[in-house]
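Visitor: Sequence:
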Amino acid sequence: MDNKRSRGANFTPTEKRLLWEEVIKHKDVVENKQSNKVTILSKDKVWDTITKSYNSCQTSGFRGKCALKSLYDNMKRTAKKNLSQDRTNARQTGGGSYEPSVMTPIDNMVIEEIRDQVTPLPNPYDGASAIFNDSCV
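Sequential numbering of the sequence shown, starting at 149, is according to the working numbering.
Hints were generated in silico from the structure; no laboratory data involved. One thing to keep in mind: the hints can contain errors.
[Stated by the list, open to error] Straight-line distance between alpha carbons at most 25 Å, and here's what the computed DSS-like set of lysine-lysine pairs gives:
| id | residue 1 | residue 2 |
| --- | --- | --- |
| 1 | K152 | K229 |
| 2 | K200 | K175 |
| 3 | K193 | K229 |
| 4 | K164 | K217 |
| 5 | K152 | K175 |
| 6 | K185 | K229 |
| 7 | K224 | K200 |
| 8 | K193 | K164 |
| 9 | K193 | K175 |
| 10 | K213 | K193 |
| 11 | K164 | K200 |
| 12 | K193 | K173 |
| 13 | K228 | K213 |
| 14 | K175 | K164 |
| 15 | K213 | K175 |
| 16 | K181 | K228 |
| 17 | K181 | K152 |
| 18 | K224 | K213 |
| 19 | K228 | K217 |
| 20 | K175 | K191 |
| 21 | K200 | K185 |
| 22 | K217 | K175 |
| 23 | K213 | K152 |
| 24 | K185 | K173 |
| 25 | K229 | K175 |
| 26 | K152 | K217 |
| 27 | K200 | K213 |
| 28 | K173 | K152 |
| 29 | K224 | K175 |
| 30 | K200 | K181 |
| 31 | K228 | K152 |
| 32 | K213 | K185 |
| 33 | K191 | K224 |
| 34 | K224 | K164 |
| 35 | K213 | K181 |
| 36 | K164 | K181 |
| 37 | K217 | K185 |
| 38 | K228 | K191 |
| 39 | K164 | K185 |
| 40 | K193 | K181 |
Just so we're clear, the structure is a prediction, and the values are computed from it rather than from any experiment.
My request is simple: use the sequences and hints to build the entire structure.
Guide: What follows is the structure, encoded as structure tokens:
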């Protein structure tokens with residue numbers, strides 16, 4: 149029971165933005181979908197670089213590579229979930245008012261960079277796509 153990991157401090161929005169800016173500098177490596185040995189080693193080196201750069205600028209204590217990776221994955225997951233919720237709220241019927249957006253400024257920043265992952269592929273066989281084309285995506 150003594151080897152229980154102690155909980156770190158919550159990430160502030162400024163720290164999230166700082167991490168996101170560092171990750172975007174290395175987006176081509178971090179977002180690479182391949183899983184061979186060379187790619188894994190290059191991702192590991194890039195995350196070491198990101199961790200070193202992040203820890204040189206942060207204010208709330210040392211953050212490890214695993215904590216930064218999990219924050220990055222959580223930021224992407226949360227942004228995708230909030231975008232989906234926002235789209236669902238916009239398409240609801242049955243009267244009543246439209247619920248305001250649940251997107252945060254950090255979610256918007258994340259979505260701008262991963263837009264190709266959240267935009268549906270075009271379907272040439274969908275005859276109604278011109279009628280129901282989403283302009284918000």
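Visitor: Indicate, hint by hint, whether the structure satisfies it.
Guide: Consistency of the hints with the structure:
1. Under the criterion of a C-alpha separation no larger than 25 Å, the hint pairing K152 with K229 is inconsistent with the structure, at around 31 Å.
2. Simply put, K200 and K175 have alpha-carbon atoms about 16 Å apart, close enough for the 25 Å limit, and the pair holds.
3. About 29 Å separates the Cα atoms of K193 and K229, which puts this hinted pair outside 25 Å; it is violated.
4. For the hint pairing K164 with K217, the CA-to-CA distance comes to about 12 Å; that is within 25 Å, so the pair holds.
5. Restraint check: the Cα-Cα separation between K152 and K175 comes to about 33 Å, which exceeds 25 Å; the hinted pair is violated.
6. For the given pair, K185 sits about 31 Å from K229 by alpha-carbon distance, which is inconsistent with the 25 Å threshold.
7. At roughly 21 Å between alpha-carbon atoms, K224 and K200 fall within 25 Å of each other, so this suggested pair holds.
8. About 21 Å separates the Cα atoms of K193 and K164, which keeps this hinted pair within 25 Å; it holds.
9. With a C-alpha separation of about 13 Å, the suggested pair K193 and K175 falls inside the 25 Å cut-off, and the hint holds.
10. Using a Cα cut-off of 25 Å, the hinted pair K213 and K193 holds, with the two alpha carbons roughly 11 Å apart.
11. A threshold of 25 Å between alpha carbons decides the hint, and for K164 with K200 the separation of about 15 Å falls inside it, so the pair holds.
12. For the proposed pair K193 and K173, the alpha carbon gap of about 14 Å is at most 25 Å, so the pair holds.
13. About 23 Å separates the Cα atoms of K228 and K213, which keeps this hinted pair within 25 Å; it holds.
14. At most 25 Å may separate the alpha-carbon atoms for a hinted pair to count; K175 and K164 meet this at roughly 16 Å.
15. For the hint pairing K213 with K175, the CA-to-CA distance comes to about 16 Å; that is within 25 Å, so the pair holds.
16. A hinted pair counts as satisfied when its Cα atoms are at most 25 Å apart, and K181 with K228 qualifies at roughly 18 Å.
17. Taken as a hint, the K181 and K152 pair is broken in the structure, with Cα atoms around 33 Å apart against an allowance of 25 Å.
18. A threshold of 25 Å between alpha carbons decides the hint, and for K224 with K213 the separation of about 17 Å falls inside it, so the pair holds.
19. Proposed proximity of K228 and K217 is supported: the alpha carbons are some 17 Å apart, at most 25 Å.
20. For the hint pairing K175 with K191, the CA-to-CA distance comes to about 10 Å; that is within 25 Å, so the pair holds.
21. In summary, the hint linking K200 to K185 is supported, as the alpha carbons are separated by about 23 Å, within the 25 Å threshold.
22. For the hint linking K217 to K175, the alpha-carbon distance of about 13 Å falls within 25 Å, and the restraint holds.
23. A hinted pair counts as satisfied when its Cα atoms are at most 25 Å apart, and K213 with K152 qualifies at roughly 18 Å.
24. A hinted pair counts as satisfied when its Cα atoms are at most 25 Å apart, and K185 with K173 qualifies at roughly 22 Å.
25. As the CA atoms of K229 and K175 are separated by approximately 21 Å, the hinted pair is consistent with the 25 Å bound.
26. With a CA separation close to 20 Å, the supplied pair K152 and K217 stays within the 25 Å bound.
27. Using a Cα cut-off of 25 Å, the hinted pair K200 and K213 holds, with the two alpha carbons roughly 9 Å apart.
28. Taking the CA atoms of K173 and K152, the gap is near 34 Å; set against the 25 Å cutoff, the hint is violated.
29. A threshold of 25 Å between alpha carbons decides the hint, and for K224 with K175 the separation of about 13 Å falls inside it, so the pair holds.
30. Annotation: proposed proximity of K200 to K181 holds, straight-line Cα distance about 24 Å (limit 25 Å).
31. About 31 Å separates the Cα atoms of K228 and K152, which puts this hinted pair outside 25 Å; it is violated.
32. Distance restraint check for K213 and K185: the Cα-Cα separation of roughly 19 Å lies within the 25 Å cut-off, and the hinted pair is therefore satisfied.
33. Among the hinted pairs, K191 with K224 is consistent with the structure: their alpha-carbon atoms are about 17 Å apart, no more than 25 Å.
34. Of the supplied pair hints, the one linking K224 and K164 holds, its CA atoms being roughly 11 Å apart against a limit of 25 Å.
35. Pair hint K213 plus K181 holds up; C-alpha atoms about 19 Å apart against a cutoff of 25 Å.
36. As the CA atoms of K164 and K181 are separated by approximately 23 Å, the hinted pair is consistent with the 25 Å bound.
37. Of the pairs offered as hints, the one joining K217 and K185 holds, with about 19 Å between alpha carbons and a cut-off of 25 Å not exceeded.
38. The hinted pair formed by K228 and K191 meets the criterion: a straight-line CA distance of about 23 Å does not exceed 25 Å.
39. At roughly 29 Å between alpha-carbon atoms, K164 and K185 are farther apart than 25 Å, so this suggested pair is violated.
40. With a CA separation close to 16 Å, the supplied pair K193 and K181 stays within the 25 Å bound.
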